[in-house]
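Asks: These are the residues of each chain, in order.
There are 2 protein chains.
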Amino acid sequence: MPGEMSIRDIYRLTKSEVELEKDQVEYVQLQGWIRTNRAGKNVSFISLNDGTYFSNAQIVYDANTLSNYEEVSKYLTGTAISVIGKLILTPDAKQPFEVQAKEIRLEGLADHTYPLQKKRHSLEYLREIAHLRPRTNTLSAVFRVRSVLAMAIHTFFQEQGFVYVNTPIITGADAEGAGETFTVTTNYGEKMEEDFFGKHASLTVSGQLQAEAFALAFRDVYTFGPTFRAEESNTTTHAAEFWMIEPEMAFADLEYDMDVIEDMVKFCIDYVMEMCPEEMNFFNERIDTSLLERLNHVRSTAFRRMSYTEAIEILKKADVKFENNQIEWGMDLNTEHERYLTDQVVKGPVFLTDYPKEIKAFYMRENEDGKTVAATDLLVPTVGELVGGSQREERLELLEKKMKDLGMNLDNYQWYLDLRRYGGCEHAGFGLGFERLVMYVTGMKNIRDVIPFARTPKNLDF
Amino acid sequence: MPGEMSIRDIYRLTKSEVELEKDQVEYVQLQGWIRTNRAGKNVSFISLNDGTYFSNAQIVYDANTLSNYEEVSKYLTGTAISVIGKLILTPDAKQPFEVQAKEIRLEGLADHTYPLQKKRHSLEYLREIAHLRPRTNTLSAVFRVRSVLAMAIHTFFQEQGFVYVNTPIITGADAEGAGETFTVTTNYGEKMEEDFFGKHASLTVSGQLQAEAFALAFRDVYTFGPTFRAEESNTTTHAAEFWMIEPEMAFADLEYDMDVIEDMVKFCIDYVMEMCPEEMNFFNERIDTSLLERLNHVRSTAFRRMSYTEAIEILKKADVKFENNQIEWGMDLNTEHERYLTDQVVKGPVFLTDYPKEIKAFYMRENEDGKTVAATDLLVPTVGELVGGSQREERLELLEKKMKDLGMNLDNYQWYLDLRRYGGCEHAGFGLGFERLVMYVTGMKNIRDVIPFARTPKNLDF
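Read top to bottom, the protein sequences are chains B and V.
Residue numbering for the first sequence follows the working numbering, starting at -1 and increasing by one per position.
Residue numbering for the second sequence follows the working numbering, starting at -1 and increasing by one per position.
A few of these clues could be false.
It does not matter which identical chain is used: a pair holds within one copy or between any two.
[Said to hold, decoys possible] Derived lysine-lysine pairs resembling BS3-like cross-links, with alpha carbons at most 30 Å apart: (1) Lys319 with Lys92; (2) Lys315 with Lys369; (3) Lys116 with Lys443; (4) Lys443 with Lys456; (5) Lys443 with Lys197; (6) Lys72 with Lys399; (7) Lys456 with Lys402; (8) Lys189 with Lys456.
Derived from the structure by calculation, the hints contain no laboratory data.
Whole structure, please, built from the sequences with the hints as guidance.
Replies: So this is what it looks like as structure tokens:
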């Protein structure tokens, strides 16, 4: 049908430099859901949202034109309608256009029990109606930005020739030190040998080891998929199911790793700023008034690089009362320490590097000093750790010894050791929690509000 | 370091119209893995692959230039090296360039036990070394095309404003008629109420129902994530874990659904042809000699649309002995019937539409005839069903009745029924098995060869 358009199309048209061809867009057909319906005696106004754009379209309808005026004026918030009408550009008004309805057709009613009435709902309440909340301003902005950020990630890596690899979700490997895992079974409570895979299977906590195998074939690869933790923690930053991006690069050291991380974070911010200006302005007005200032600062400054050892020295000298004031080399930094470094010392993102080997994972490359590993955490203001990365231990003997010392069963890892046996080389990678990135970019404070249907302890609705 | 390049970079340079600036590229540094090392007494040749490009770079080295000539000439297949050398363009030779080594440095040895010696290995053998097989021509081509196809999917949908939605992997919903599921637990064999989620949890078989919730907010959405079937079937087309793309569109009927499917398939083929010409030529030479002809045909023809009822009439009249020769309206078509329709009748892709409601899922929209539903399967030559889609039942009463008749527990689906209660509208969607698309585009015949680390019964290695 000629004139069938989305609200996004019309906003784009009104913003474009192109002179509108009157006969092309004089009459448009829109479909969408009523956000508000302000009915007057003869003239009424519908704010229509069709999900393609953050802003609504204003529909004007009047009793002289519409034969079903009475009926339409009773349509409640949430009702789905089709509109055919005249597109009127209103460059001097708040909204750049309105549609004068010639015809309004009902697609699907919503009655007064519709849970999203015209008022501010709490984020807690909206979590209970996760199937409807993307129809609100806040959650529609969040989930569009989430989608655009996913595209930013794919674009960033694919443009540089990285190969996207889908590492397995169900895995037989034990996750060393990565926390509790979920068991996957078809034979609940019965013998493991008779189970689907004939042995214990669990949900992956990381695709890194398999990504390494692909990096040593393709040089540059990345994963982007779901990972799982069965931790019984009810915090604002933990979920049982979340998405991770895990790039892995052969012939790369820690410095190069940090270069890529920094480029990626800046690219993602630029991308979402360009693609979602309405949503970003909304977040800056309603969710976190320092958001745009913070993100603009991050885009335009070089990330500081500081060794863990230097950070410890700074924290020791800090004129602050930390809850944990026992600052000593070898400790794991708490959130309060990380916040002090990003918010007070650096006033921006900082890569901490070269952590004590005891507090980091087995696969990280040991430095010359014998005490630290070539690892880095990217810490950013307000969110804390955004990315964790490291150069991987490529020296077979060192890696084997470390795994044995940790009591790992080397039989399960022969394939991983093969990557050092056969043409092993310097390589590095990192992990980015996707939800954490979404929170960082939107200013949202609870992970439950950036996942479409969040999974947390005792919470498996929808 | 100046001159540090990937083999992809150099191939691109040699193909570009731009005059090479000699001082920029005279000396290059490459890193990669030795595919072959043909050592002569004074002059030798290494075929180097760095994973960034399908083709190798030829490295020439001679005894007069290299102080470690003797050592280098002994490097075996699989060894990782760095090369600094002079880039020589050879436009008249088979390879467009070679690199005359000035320096070759060892990064990581591979010895004679390296499982990928220079010979043709069977695909079966390569499955056993899934961590090394992306280093072979065939599997490197497969997994690069897989990656590029994933980007094609994201590009196709995002350019049209579709919102990417990550539907949950762990789910509490029963999967109606979608086959066996995996149970997810932290409390193997103990009480369900004490389990992580406090109730039975399983791995998703489809994100469609949740995607519908998002379509009724954003209009156009798509999923792209892993799905699972615990079916004990050892066929060439089934895996326990595979990736699905599930677009869902509000204000869309079955015709529109088919339009999008057809556009998507054609876009994906175009995209991969443009981005991976070397890989596609390789598949056409080594895997399936009719591949390019078939794909080119698909790109350039309109897909036929034929009702199930018409297909049954054609099959009844067919002058062929089917194994199942009992052709009657209401039956599920077997592969042999589908093949006959695509390969003999249509000689190309065909949408079958309007199937008997008894053989299709509960959420498909019932047609006026009361006997069929607005469903479609896209059948393509050699692969069979590539996509399955339908218009969804948006009429609350009809949907509720159908679910009750099937004995479904409506308590679990109130949120899904809400989508019909509140501003429900005509909507449609489809599911595309990603591995099936990869097989279709590459000509590979076994799903185990298009998944990085395949999961099948009793197979959980890596």
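Asks: List, from low to high, the hint numbers that the structure doesn't satisfy.
Replies: 1
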